[in-house]
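**Student:** Each of the two chains sits in its own frame; use the hints to bring them together as a complex.
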Amino acid sequence: MPHRYHPWGRYPRWPQAAVRLNWRDSALPCLSDPTRNYLPFGNGRSYGDSCLTPGGVLLDARGLDRFMAFDPATGILRCEAGVLLSEILAQVVPRGWFLPVVPGTQFVTVGGAIANDIHGKNHHRAGTFGCHVRCFEILRSDGQRLRCSPAANPEWFRATIGGLGLTGVILWAEIALKRISNAATTVEVIRFPALAKFFELSAESDRDFEYTVAWIDCMAPGNQRGRGLFMRANHAPAGGCLSPKAKKHRVSIPVDLPVAVINRWSARVFDSLHYHQKLNSRGAAVVHYEPFFFPLDGIGYWNRLYGRRGFFQYQCVVRHTEEGRTAIEDILQCAAGGQSDSFFGVLKVFGNRPSPGRLSFPRPGITLALDFLNRGKPTLDFLERLDQIVAAAGGAVNPSKDARMSAASFKRFYPNWEILENLRDPRFSSGLWQRVTQE
Amino acid sequence: MRRILIFGATSAIAQATARLFAAHGATFFLVARHGDRLQAVADDLLVRGAAQVATAILDASDYDRHPALIEEIYQRLGELGIVLIAHGSLADQKACERSFEVTRREFETNALSVISLLTHLANRLEQQGHGTLSVISSVAGDRGRQSNYVYGAAKAAVTTFMEGLRNRLYKSGVHVLTIKPGLVDSPMTARFPKGFLWTRPEVVARGIHQAIEKRKDVVYLPWFWYLVMGVIRALPEAVSKKMRL
Chain A
1 MPHRYHPWGR YPRWPQAAVR LNWRDSALPC LSDPTRNYLP FGNGRSYGDS
51 CLTPGGVLLD ARGLDRFMAF DPATGILRCE AGVLLSEILA QVVPRGWFLP
101 VVPGTQFVTV GGAIANDIHG KNHHRAGTFG CHVRCFEILR SDGQRLRCSP
151 AANPEWFRAT IGGLGLTGVI LWAEIALKRI SNAATTVEVI RFPALAKFFE
201 LSAESDRDFE YTVAWIDCMA PGNQRGRGLF MRANHAPAGG CLSPKAKKHR
251 VSIPVDLPVA VINRWSARVF DSLHYHQKLN SRGAAVVHYE PFFFPLDGIG
301 YWNRLYGRRG FFQYQCVVRH TEEGRTAIED ILQCAAGGQS DSFFGVLKVF
351 GNRPSPGRLS FPRPGITLAL DFLNRGKPTL DFLERLDQIV AAAGGAVNPS
401 KDARMSAASF KRFYPNWEIL ENLRDPRFSS GLWQRVTQE
Chain B
1 MRRILIFGAT SAIAQATARL FAAHGATFFL VARHGDRLQA VADDLLVRGA
51 AQVATAILDA SDYDRHPALI EEIYQRLGEL GIVLIAHGSL ADQKACERSF
101 EVTRREFETN ALSVISLLTH LANRLEQQGH GTLSVISSVA GDRGRQSNYV
151 YGAAKAAVTT FMEGLRNRLY KSGVHVLTIK PGLVDSPMTA RFPKGFLWTR
201 PEVVARGIHQ AIEKRKDVVY LPWFWYLVMG VIRALPEAVS KKMRL
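Read top to bottom, the protein sequences are chains A and B. To convert, note that position 38 of the first sequence is 38 in the working numbering; the numbers rise steadily by one, no gaps. To convert, note that position 66 of the second sequence is 66 in the working numbering; the numbers rise steadily by one, no gaps.
Just chain B, same shape as in the assembly (with noise of 0.2 Å):
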């Protein structure tokens, strides 16, 4: 039976995600913003397979709250099998242009709260020997455009920072997942149009679960996303800077 946390889990990505490993019969424990929301997510789980479902109410820039609930889901579930930090948000980039306040809130959410759940939950599984850690990123933070460059350097903080850890932890044979989705067509995007490059969260919700149950390092989701980031990555800055990306 396996042992699942999820941070953000009433994200579309989120809940996609847990429903494939609820048919197999997953134990739960999710953490959430909106209480009502996550008791919606666990009844679903529940139905759909579940063997058990905890929830915690978290507002993830709380840092000082996060050691104390990591000791809390210890205490209830015992080792952990997988960790998925699901949560973010996207703010609008005119918004953060204008206002440091909004920058430093997307930092806040998107990248140190991550950072933070990471730095205590690295140390417990690199005790107990084993077990997944695995964050949702985004191909926003392979390079720095103008459409979206406060996301996307937050997202890049959280990919270098779990390069490192993935270096760190491989001895202790814990496995540690970045996910880069691309264009996904969730609430968090509702006000853009969609084209033909969008996916469903279902869609990379089985791409997640593969490259946790493959052991994978990084996954582009969709697949196609990994070589279209490695055309603008590769990009001369002397080129990319002139072109509206």
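Isolated chain A (complex conformation) (with noise of 0.2 Å):
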């Protein structure tokens, strides 16, 4: 068994000593050397070194997974931090329940989803995860176990979710369910030519869709950008047809890759094809939830696709307005420029609730997610220019996916940054946050 402790991006490779926590009772493991640092490590899905801790020790939580209790007249589901939300949706769905928010993996862990506050699809309607999250208990490296909630202990429950897990280790919470009458969604796809259209549709199906996203053409002809299928569903309702099957088979890539297949030729053909897909032609598809929301979870390790130096994604959220659409589109054009190979780009409204969380990414805006091949210095030096035009655009990058953004953007980016610093456990840093925060 190789050891797990790489971050999604396969980018910063960093040896990295690790501790299994196995019960929420435990304390911290005492560490021989008192200047090492924590850091809690869920199941590796953040994308870069917010999920590292050079020289420091990573409390991996996968071992707290067990369910506290679920009151499936309620909804209301308690949980250790480690437990994965595929295992949540293995147990409620079945019962008529469905988690609020979801990304675009079902193998990230509780904790990870606060800690990074992650939001999904339904941004729109339902905000982030944090806004679902109904308590909390966190251990601090002192020993002291704060329970966390919107009135017990606020400031420490707003610094957390959003927190990038320096707060101190988050052992269990407290989460609120949605009702759903099967597990079938019903999802409609439809091809867009320009972003202009991709805004029109977005405005008119927000209202009736639960869940909205669009996949951008990256490889687009220049006369083509900003192309796209933009994608929009609701839980089946009751009644309806059988519920779909979910696939039982998955494909697993073994080994990282020496050389990425993804590649600028690749992924043209791919999107090309993609793109140009047979659509449904009678509106609507009825699909089991787990092909809608996690496509990408049927590849197991598809990130190794890139080869040994790994990737980046880039996910920016920039405000709704002329200015903003305008910093999108800049950047489709920038990741068409040649020197790098985007081959999966997202986009999507983000809606306006609010998230408790003090440090929290998502915010009312247009988001953009890319993923570029790490080809060394000149992807970083790209990076940074899109940082520029996002920058200028009032908006903000999302760090549980960053591996190189510098402190001043960062900075820029989250101005109350500080509040974090200060709640921070003195003994809890990550790779992300020392460069981030250095002057």
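Honestly, the hints are just simulated from the structure, not real lab data. C-beta: ideal position from N, C-alpha, C; glycine also. You may find that some hints are simply not true.
Calculated pairs, SDA-like style, for lysine to any residue (alpha carbon to alpha carbon, straight line, at most 20 Å) [said to hold, decoys possible]:
| id | chain 1 | residue 1 | chain 2 | residue 2 |
| --- | --- | --- | --- | --- |
| 1 | B | 194 | A | 14 |
| 2 | B | 214 | B | 3 |
| 3 | B | 241 | B | 231 |
| 4 | B | 242 | B | 226 |
| 5 | B | 194 | A | 57 |
| 6 | B | 194 | A | 17 |
| 7 | B | 171 | B | 227 |
| 8 | A | 377 | A | 188 |
| 9 | B | 241 | B | 147 |
| 10 | B | 194 | A | 62 |
| 11 | B | 194 | B | 124 |
| 12 | B | 194 | A | 15 |
| 13 | A | 411 | A | 422 |
| 14 | B | 194 | A | 20 |
| 15 | A | 178 | B | 48 |
| 16 | A | 278 | A | 188 |
| 17 | B | 194 | A | 63 |
| 18 | B | 216 | B | 173 |
| 19 | B | 194 | A | 4 |
| 20 | A | 278 | A | 192 |
| 21 | B | 194 | A | 19 |
| 22 | B | 194 | B | 244 |
Pair ranges (Cβ atoms, derived) [unchecked claim]:
| id | chain 1 | residue 1 | chain 2 | residue 2 | range |
| --- | --- | --- | --- | --- | --- |
| 23 | B | 244 | A | 251 | 36 to 46 Å |
| 24 | B | 75 | A | 73 | 23 to 33 Å |
| 25 | A | 154 | B | 127 | 51 to 61 Å |
| 26 | B | 188 | A | 319 | 46 to 56 Å |
| 27 | A | 4 | B | 170 | 36 to 46 Å |
| 28 | A | 308 | B | 98 | 14 to 24 Å |
| 29 | B | 210 | A | 254 | 18 to 28 Å |
| 30 | A | 263 | B | 191 | 12 to 22 Å |
| 31 | B | 189 | A | 259 | 28 to 38 Å |
| 32 | B | 167 | A | 291 | 44 to 54 Å |
**Tutor:** So this is what it looks like as structure tokens:
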């Protein structure tokens, strides 16, 4: 069993010590060197160095994987922080409940979902994961246990949601689930030729559809830039057709490929085929929730397709104004400009529901996420240019997907970062935090 | 509805196995030493579909309590479907070599307490005329090796005891299952560096679940340990004594 303490983007590659947490009543492991840092680690789905602590010790929380209580009448679930969202869904979907917010993979822990205040395709309705967390307990390096909720220790509550694991290790949490009738979703896919059409579709769909998101063809030829597929969906109503079954088999990429198979040529072919795929002409299709919400989970370790050097995911949000739209267009244009191979572009309009999290990334506006193969310095310089565009448009970049943003950019994107710094456990730190808070 | 009794219910393998049975609505009686953790496991199984979960705190080497506790369990559950004895400890071999006290404690935990429980339970199951009696032994019991022969000797005692029990209970219809896991990445082995031979407790649990359903006698988990131990057992003593096993 190779050790699993890599970020999802496979960059940076640091040797990393780890200790597994198994019981929520245990103290944190004693370290002989009192200057070493701790950092909680969930299931390794953060893309960059926000889930590593160079020279320190990761607190592997996957051993905290017990459910504590579930009330099928109210949908209130309490579980330990290392439980995966996939494990929750497996338990609650057959009983008519669903997670209020899910990201693009179900293989994240509850603790990770809180610490990164994740969002999903329903942000315009439901806000972030943190909006549905009722309370949790954190354990600090001095042994203190803090139970946090909007009423109890509210500043800790707000700093820990989106707090990147720095306020202490989350031991358990209580979340409010939402009712569903069955495991199916009704999904419509609409092809759009340009960004302007995306914004129209988004505006008209956000009223009637709980889930909206668009895939952007980043490799489209210049005159067709901004084309893509718009997906909108709802949970299927009761008494409709039979619930479709999830696929049982999964393929998996067994090792890091020596070179990336995702490059500008393969991406162009894939994107073009994907864009021109035959769409369901009769409107909505009924599909199981797994392929709709978690399409990439069907390929285990898809990140290995990017080869040993790994990749960056770049996710930004800009205000939903004329200026913001122009910024999105500029970024897409840069992405098509040649230095980069972006395979995967995702576009969504965030809603107005505020998160309790002090340092949460999601905020009202337009969000764009792109994957870039790591080609070293040219890629880093290129992403720095994107930061400038985002900063000029008053936006922000998602730290849980970052591995390279400068301290100046971070402080500009998150002007209240010192709130987290002040509540950070003095013994907790991450590669990201050391980088973005340096003078 | 299955009625399942587990000793050492907070062990990683026991938890993972119990979850598989909980998904099918089993009723549990869980026994372990640490009360808070036992309750955490019980709560988990309830959410995962267990019909009922009762618990008792027991230090396994408190032999005098065994008969009364088993009586209490029978009062509560009636007949038992499955018994899984999963408690154990893995002391440092070097510490055992230095101290008979440590060696004795290892034997009490890994061998004598199991044999005590089996003595009482075998009679009960023989009386009821059905059910599964399963014990987690170890591949370490297959051959004495300098790296862990104290643990191995205790597990060998359990394995041989189970062999005899299987022979004795065959005609009464009681299924006796000896489980021999290889290297399992669990809190018990947290201090060891892990290589490619290591397995997650969930994988071992699936093997146990299957072995119970198929009424196997002895299982190596994962299966390749059957081959590995076959080779190690086949080594003549004249050769093996010179090796660093």
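**Student:** Please go over all the hints and tell whether each is borne out by the structure.
**Tutor:** Results of checking the hints against the structure:
1. B/194 x A/14: Given that 20 Å is the threshold and the Cα spacing comes to 18 Å, the pair holds.
2. B/214 x B/3: Between residue 214 of chain B and residue 3 of chain B the Cα gap is close to 17 Å, so the pair holds against 20 Å.
3. B/241 x B/231: 15 Å, holds
4. B/242 x B/226: It is violated: about 23 Å lies between the C-alpha atoms, which goes past 20 Å.
5. B/194 x A/57: Measuring from Cα to Cα gives roughly 17 Å; hence the hint holds.
6. B/194 x A/17: Holds, at about 13 Å.
7. B/171 x B/227: 30 Å, violated
8. A/377 x A/188: Roughly 40 Å separates the two Cα atoms, so the pair is violated.
9. B/241 x B/147: 12 Å, holds
10. B/194 x A/62: The hint holds at about 17 Å.
11. B/194 x B/124: 40 Å, violated
12. B/194 x A/15: Given pair residue 194 of chain B, residue 15 of chain A holds - Cα atoms ~15 Å apart, limit 20 Å.
13. A/411 x A/422: 15 Å, holds
14. B/194 x A/20: 13 Å, holds
15. A/178 x B/48: Holds. Residue 178 of chain A to residue 48 of chain B sits at ~19 Å (cutoff 20 Å).
16. A/278 x A/188: 13 Å, holds
17. B/194 x A/63: With a Cα-Cα distance of about 16 Å, the restraint between residue 194 of chain B and residue 63 of chain A holds, given a limit of 20 Å.
18. B/216 x B/173: The hint holds at about 13 Å.
19. B/194 x A/4: 12 Å, holds
20. A/278 x A/192: 14 Å, holds
21. B/194 x A/19: 13 Å, holds
22. B/194 x B/244: Distance of about 19 Å is within 20 Å: holds.
23. B/244 x A/251: 36 to 46 Å: 40 Å, holds
24. B/75 x A/73: 23 to 33 Å: This hint holds: roughly 32 Å between Cβ atoms.
25. A/154 x B/127: 51 to 61 Å: At 60 Å between Cβs, range holds.
26. B/188 x A/319: 46 to 56 Å: 54 Å, holds
27. A/4 x B/170: 36 to 46 Å: With a Cβ separation near 44 Å, residue 4 of chain A and residue 170 of chain B satisfy 36 to 46 Å, so the hint holds.
28. A/308 x B/98: 14 to 24 Å: 46 Å, violated
29. B/210 x A/254: 18 to 28 Å: At roughly 25 Å between Cβ atoms, residue 254 of chain A and residue 210 of chain B fall inside 18 to 28 Å, so the hint holds.
30. A/263 x B/191: 12 to 22 Å: For residue 263 of chain A and residue 191 of chain B the Cβ distance comes to about 44 Å; the hint is violated.
31. B/189 x A/259: 28 to 38 Å: Given range 28 to 38 Å: holds, Cβ gap about 37 Å.
32. B/167 x A/291: 44 to 54 Å: 52 Å, holds
Violated hints, listed in ascending order, are 4, 7, 8, 11, 28, 30; each of the other numbered hints is respected by the structure.
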